[in-house]
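Colleague: Top line first, the protein sequences correspond to chains A and B. Numbering of the first sequence is given in the working numbering, commencing with residue 1 and proceeding in unit increments. Numbering of the second sequence is given in the working numbering, commencing with residue 1 and proceeding in unit increments.
Misleading hints may appear alongside valid ones.
Any copy, or any two copies together, can satisfy a pair, since identical chains are not distinguished.
To be verified - Keeping only pairs whose Cα atoms sit at most 25 Å apart, straight-line, the calculated BS3-like set for lysine-lysine is:
no. : residue 1 : residue 2
1   : K93       : K37
2   : K84       : K289
3   : K143      : K250
4   : K81       : K279
5   : K279      : K289
6   : K143      : K346
7   : K81       : K289
8   : K81       : K143
9   : K93       : K81
10  : K279      : K84
Hints were generated in silico from the structure; no laboratory data involved.
Number of protein chains: 2
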Amino acid sequence: MATANAIVAQSGGPTAVINQSLVGVVETLRNDDRFGKVFGARHGVAGMVADDLVDLSSISQNQLDLVAATPSAALGSSRDKPDKAYCERIFEKLRDRDIRYFFYIGGNDSADTCRIVNEVSDESGYELRCFHVPKTIDNDLEKNDHTPGYASAARYVGLAFMGDNLDNRALPGVKINVVMGRHAGFLTAASALMRRDSEDGPHLIYVPEATFDLERFTRDVQEIYSSLGRCQIAVSEGIHDADGQAIGAKLISGEADDHGNVQLSGSGALGDLLAEHLKKNLTAPAGQKLRVRADTLGYPQRCYPDASSVDQEEARAVGRFAAETAMRGDLDGSIAIQRAAGDSYKANITVVRLTDVAGHTRHLPEEFIVDGRNISTAFANWLRPLAGDLPAIGRL
Amino acid sequence: MATANAIVAQSGGPTAVINQSLVGVVETLRNDDRFGKVFGARHGVAGMVADDLVDLSSISQNQLDLVAATPSAALGSSRDKPDKAYCERIFEKLRDRDIRYFFYIGGNDSADTCRIVNEVSDESGYELRCFHVPKTIDNDLEKNDHTPGYASAARYVGLAFMGDNLDNRALPGVKINVVMGRHAGFLTAASALMRRDSEDGPHLIYVPEATFDLERFTRDVQEIYSSLGRCQIAVSEGIHDADGQAIGAKLISGEADDHGNVQLSGSGALGDLLAEHLKKNLTAPAGQKLRVRADTLGYPQRCYPDASSVDQEEARAVGRFAAETAMRGDLDGSIAIQRAAGDSYKANITVVRLTDVAGHTRHLPEEFIVDGRNISTAFANWLRPLAGDLPAIGRL
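Next comes chain A alone, as it looks inside the complex (with noise of 0.2 Å):
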């Protein structure tokens, strides 16, 4: 190939360091001869196809660079999920462009999307190299040890609950947050971060890949609410009985017949009905007032600008390898951040196989999962190294 173009775009939910993803792609390939134009896609896919695109081959390295460090997606996001026809158009665009090269940041869709597209341009013998760059706050790609977006979600999460915790014990009373996560426990589990002792918090912590029973929920915070005279609460958006059904739902439908319309995901909904039944069903500790509250953490957790470290340094690694990979000839892969062997910890950056990562979704190993309703220490001394410098706690 002579001079190519090529062109990024950003998908799905936002996180704290998809922008350095889309900063790696793009300063990698406009430093290399080969290329023409990079343009960037606003709004995903959807900009893709409506042809609204942003030359980023010469904006400044100084203005790439805040870029890279703020929050979200600075080309805009799309939640479309492409199909064949919608990826042929997709296509056509691109060859109208003489794009050669496409990289989507973004979780399992937007990998199967980079695999649909693939398969579009193989059958009519174009030759575009399609790599999928990794973001997800959940941590659900299959072959990654972790994903870049993770970590500073992780990070948020972790420091949340130890002020909470905190707060908890300055005004004793049960507190549930509500974390995001709705198929994958990783980001729920990420409260255990600060967690020093079995007296801080949270002192439980329920998954989606265990089965949550509604009178064992209440029986252990109970337990410990009497012992410890509080308790803390980590609860994934995605905790089900086991038969499926999303305990928000399964509250609502048991307690109030016409709440039909109340929106489970996006709202405070599943705490405060947690919160409810709590405060119908647990008993103060001797000589305190039953003290039941409820916050769910929201888009915080996604965009909050205090990102790790860590995970800035790797999202941005990320998107330089794949532009790497990609001029160095491989025609198709998805990055995934590996961890390597031994005592201190070091990430090795690689590509698999779109389809090892499009359309399917990691679970927490249930190694870490003690119980059915706590995370082990062992996950949390996993994700330690990931989450950037964390604060030193003082106690009286």
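With the hints as your guide, set chain B onto chain A.
Modeller: Chain B alone, transformed into the frame defined by chain A:
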């Protein structure tokens, strides 16, 4: 007086810097040889009457420094609002231990406790020096430019809105964030901290000092959603209608009859109800799907471990100043932060009368409120020097 004992306690909702004030008091007193013991009472006035004390005289300075930098109240806090009988019990406990100095770190209720205890000691002829050390994320103390704890909470709110605004820009829709502060709008106004131009959210800010009209709110949101394609909204948990009725309660009674037991404070209910209302009454801009989400920022506002450096220093200084003022011979008072005139920011720490602060609520000045639905740039300029180092924002 020969050697005297002192006691210090913490009250009300914890903040990210209340331990700085605690340590400021303790380190100043114990370095003076006029002091015997410096006690801390666990859980505020509750620990004072229950003799639940900790001797802070001999803890290492390293340990104190670590405690100072840790969020929440290290001694534990209390929601008790003592009446005169309660204060008489406090006074007796103080006299029994030959305690001549009492420092109470908290909001306007804590100032009132100091006032009553001081009154009781005056009546008995026992020389007791009673000082209130200010603390509140609400910034609602009279005679103060701002109070320790507010700047860190304001920093959190400002940064959370910054990240969320960029998130909303990436995935457009209507986003409501509910902010703490039942009666004073200072913390909700802090949502404007990182706003740079009119494209940046929050596009609408509703504080409790302005009457909230649901129909006008709906029109306001529709106007911005139609013109910008998105709308980020800051709402105080304390918004109310012209009759003083809380909007959450109004939405519940207006829309569903048997939700009576839903708790509005410490829950996601207000945000969820406003979101439900908007979903039924908004029209999405052409080509967009209607998307409305709500978050309730919750306890991370008061205890997320990323405090403002200015707030940390001022909270420490206020504690030291309280101890110095008492040692100088003053008998009672409330410490206050005022702002020196001039172009560059400078705080003056002073002492005011307990009765000037006790039981009063300061409100957001009207001059900062724009048209009942926004906050002026002058407010952000007032806030910025308090918030510590702030991140730069890069965009494409």
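Colleague: Are the CA atoms of K143 and K346 at most 25 Å apart within a copy, between copies, both, or neither?
Modeller: Within one copy only: 16 Å inside, 54 Å across.
Colleague: Go through the copies and call it for K93 and K37: within, between, both or neither, with a Cα cutoff of 25 Å.
Modeller: within (15 Å within a copy, 78 Å between copies)
Colleague: From the Cα coordinates, with 25 Å as the cut-off, is the pair K93 and K81 best called within, between, both, or neither?
Modeller: Result: close within a single copy only, 17 Å intra versus 68 Å inter.
Colleague: Please work out whether the CA atoms of K81 and K289 approach to 25 Å or closer within one copy, between two copies, in both situations, or in neither?
Modeller: The answer is between: 15 Å across copies meets 25 Å, while 50 Å in one copy does not.
Colleague: Between the shortest in-copy and the shortest cross-copy C-alpha distance, which are at most 25 Å for K84 and K289: within, between, both, or neither?
Modeller: between (59 Å within a copy, 22 Å between copies)
Colleague: Please sort K81 with K279 into within, between, both or neither, judging by C-alpha distance up to 25 Å.
Modeller: between (41 Å within a copy, 24 Å between copies)
Colleague: Classify it for me, K279 with K289: is the Cα-Cα distance of at most 25 Å met within a copy, between copies, both or neither?
Modeller: within (11 Å within a copy, 38 Å between copies)
Colleague: What label fits K143 with K250 when the C-alpha limit is 25 Å: within, between, both, or neither?
Modeller: neither (34 Å within a copy, 51 Å between copies)
Colleague: Between K81 and K143, at a C-alpha cutoff of 25 Å, which is it: within one copy, between copies, both, or neither?
Modeller: within (22 Å within a copy, 57 Å between copies)
Colleague: Is it within, between, both, or neither for K279 and K84, if the alpha carbons may be no more than 25 Å apart?
Modeller: For K279 and K84, the Cα distance exceeds 25 Å both inside one copy (50 Å) and across copies (32 Å).
Comparing the model with each earlier hint shows violations of hints 3 and 10; every other hint is respected.
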